[in-house]
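A.B. asks: Using the sequences and the hints, build the whole thing.
Sequence order for the protein chains is A and B. With the numbering used here as the guide, the letters of the first sequence map in order to residues 1 to 337. With the numbering used here as the guide, the letters of the second sequence map in order to residues 338 to 746.
What you were told as hints is all true, and nothing was included just to trick you.
Chain B is nowhere near these chain A residues, computed Cβ spacing over 12 Å in every case:
no. : residue
1   : 38
2   : 177
3   : 182
4   : 200
5   : 204
6   : 208
7   : 213
8   : 225
9   : 228
10  : 256
Heads up, incomplete: computed chain A residues facing chain B, CB under 10 Å, no partners named:
no. : residue
11  : 115
12  : 125
13  : 130
14  : 135
15  : 139
16  : 140
17  : 149
18  : 271
19  : 275
20  : 279
21  : 306
22  : 312
23  : 320
24  : 321
Please keep in mind that the hints were generated in silico from the structure rather than gathered at the bench. We put the beta carbon where it would ideally sit given N, CA and C, even for glycine.
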Amino acid sequence: MAVSFFWFLYANFPPSAFTLPNSNEGRILNPMDLSSFLLQQIINAVFLGSIYSLIALGYTMVYGIIELINFAHGELFTAGAFIGLIVLTALQQIGFVDAHFVLTMIIVFGLAMAYVAVLGVAVEHVAYRPLRASSRLSALLSALGMSIFLSNGMMLSQGVSDRPYPQVFGLESIEVMGARITNGQIFIILLAVALMIGLQLFVHRTRLGKAMRATAQNKTMARILGIDIDMTIRITFMIGPALGAAAGVMVGLYYGAVRFDMGFIFMIKAFAAAILGGIGSIPGAMLGGLIIGTIEVMWAAFLPSAWKDVTTFTVLILVLYFRPAGLLGESSTEVRV
Amino acid sequence: MIRQELKKLVVYGFFLAILLIPMLGFKSTTFEPGRAFKTLGVFMAILVLNLIVKTIRSRKKQEDAEPKTPLTERAAERINRFPKIYTLGGLLVVAVAYPMFADNYMIDVAITCLIYVCLGLGLNVVVGLCGLLDLGYIAFYAVGAYTYSILNLTFGLSFWAALPLGIVLGMVVGCIIGYPTLKMRGDYLAIVTLGFGEIVRLVLNNWDSLTAGPNGLFGMKKPALYYPSFAEDSFSWAIYYLKSLPALYYFILLIAILTIISVRRLDNSRIGRAWIAIREDEVAAELSGVPTTWIKLLAYALGAAFASVAGAFFAAKLSYTNPNFFLFMESCIVLSIVVLGGVGSIPGIVIAAFVLIAAPEVFRGLENYRMLAFGGIMTTMMILKPEGIIPASRRRRELHEGEAIKPKE
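C.D. replies: Encoded structure:
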């Protein structure tokens with residue numbers, strides 16, 4: 001069914017639109033390649049989707065706890081990418097990367113995540129904590145101000161142009177039924193999945209995770225039962241941005257360049273993913289990320305790619321209109337107020 | 338109490354310092370910590386000042402049980418006693434006389450400021466009165482600009498013929514954006530409007546046949562005035578194009594004054610009270626018989642209409658439009674004007690527009706720090722003085738009412 005749909009699209013659009021992304025030769029697609037082309041797109045979709053999922057998790061966790069959109073999340077994601085860039089460049093210059101590849105990755109991801117976790121707590125303390133009791137509009141504006149501030153701070157320190165990321169993965173790739181998966185893609189997808197599994201284990205198996213779930217359900221009751229709300233919120237603001245930072249490094253490693261304002265578009269996409277999955281729900285964010293990634297990649301592959309961002313926004317708006325609670329969200333009694 | 342506050346300040350300063358690390362500038366070779374320390378200094382100075390003011394006030398409160406009214410309120414009272422017509426008349430005289438003393442560059446800056454006054458006041462209807470956070474407001478500005486451009490270039494319509502169409506189209510787009518989103522709560526609305534703003538920009542950027550894409554449209558006629566002419570003993574209408582900067586200045590001044598008057602009238606009307614009721618408590622407003630969806634849609638449409646007028650003027654003044662004039666950052670600038678001026682306060686927004694738009698022009702060297710300052714201002718204002726520099730009286734009461742009852746932490 002799906003294949004016949006794509007076949008229909010293929011038959012009705014000029015083949016010149018079908019240059020393969022990721023292929024250096026810019027081959028024109030012929031019908032024989034369609035299945036491998038589709039497989040390639042699915043791989044790309046899973047890859048992009050797992051990055052969106054990681055960012056969306058940050059939104060959904062923060063929203064679940066304090067019911068506030070962390071507007072600065074996109075900037076924290078970018079900060080993670082830049083820290084990764086700085087650390088990786090330094091390691092490459094001393095020739096560490098070639099010698100200990102796995103250790104390099106651990107250091108790069110670890111430092112970026114740790115730094116952004118601290119940054120996340122700082123954002124929370126400076127901009128959100130003083131406003132916890134005041135009106136929603138104030139809190140939203142404060143968050144937005146923080147986002148503008150951070151993004152321009154990064155512009156001032158890192159410059160306005162693209163900064164190239166060191167290419168560490170090389171060009172080796174695996175052929176699966178004609179589709180090409182690079183080592184980098186495999187590594188990134190595996191890491192993303194590992195992080196998500198780790199998060200699930202943390203939330204469901206540890207005391208802190210239990211405290212987080214309790215706080216998300218009912219803050220007053222959690223406080224009565226002796227849960228340190230401030231600490232729980234802080235932990236949330238560490239984990240969410242840390243996952244975002246990991247996604248930032250992944251984006252840098254894969255696309256080969258980072259820019260101070262790249263957080264904006266990723267923020268909107270990830271937010272769409274979080275809403276699609278049901279904001280506040282962790283599995284929802286993962287699912288939403290995958291769906292948004294799939295939609296975007298498939299659109300870019302088969303339809304005019306200039307409009308692919310419009311599609312994401314449209315999906316976001318349609319979901320909000322027809323099912324504001326999202327796919328896996330709680331019932332919408334509270335959402336509509 | 339002071340020790341406690343001091344401790345809070347130190348912790349706050351520590352986190353603020355962490356926050357400023359991204360500005361330290363670890364490029365591969367250079368390291369510029371000065372910038373971050375300067376910014377930290379400014380923020381700490383603001384916080385310390387705030388602490389001092391708080392301490393003095395609490396001391397005073399302990400001394401005499403009757404707290405004195407704060408200085409700003411007394412000043413406002415003093416101003417109010419002075420007949421308003423003189424203040425406004427004086428301001429008007431200054432505004433009218435301005436082009437006679439200023440050079441072209443300064444007039445140009447003033448025109449930009451006045452455009453932002455219109456935008457700020459329009460956004461004020463949505464954010465300030467109705468309490469809906471709109472992050473895609475600049476889209477309506479774009480709609481106004483492009484409507485005039487396209488109508489003028491393809492159909493040769495004059496500014497005056499295109500203006501009503503632009504307003505109607507702006508309102509229609511406002512309703513299209515508003516209708517699906519108004520059932521959502523505040524933060525969803527913020528993101529969706531942000532998305533819509535981007536959609537409008539992307540459509541302008543990609544729809545080559547209509548909008549010429551990233552190249553933009555150019556060659557629009559300036560607004561014209563028609564006056565009766567009796568030359569050569571026959572009656573006819575002569576056209577005077579507002580080409581010179583002073584003429585454009587007077588034109589936008591007129592638009593800004595009309596905007597101020599209409600927003601003020603709206604604020605005091607039945608509709609304005611309905612908006613404020615919705616802002617305060619939507620459920621209660623609905624129960625009191627306010628048709629919330631329609632009233633909110635009206636706020637959207639009217640806000641869009643004001644932006645559309647400003648946009649049409651902007652396109653006519655430059656004779657050029659381009660999708661990159663309508664970036665998300667522009668929405669943020671307009672929003673910071675509303676926030677700094679005081680959500681819902683008309684004089685505050687007018688002053689804030691002049692301060693925020695003219696200040697970067699005066700301090701050219703600090704151009705790069707402009708958006709950084711806007712972001713900082715937004716957060717700082719929300720934390721220290723959420724009612725803005727000149728608070729609207731209703732808003733101030735709303736925000737500070739709880740303080741007397743709120744237990745000390």
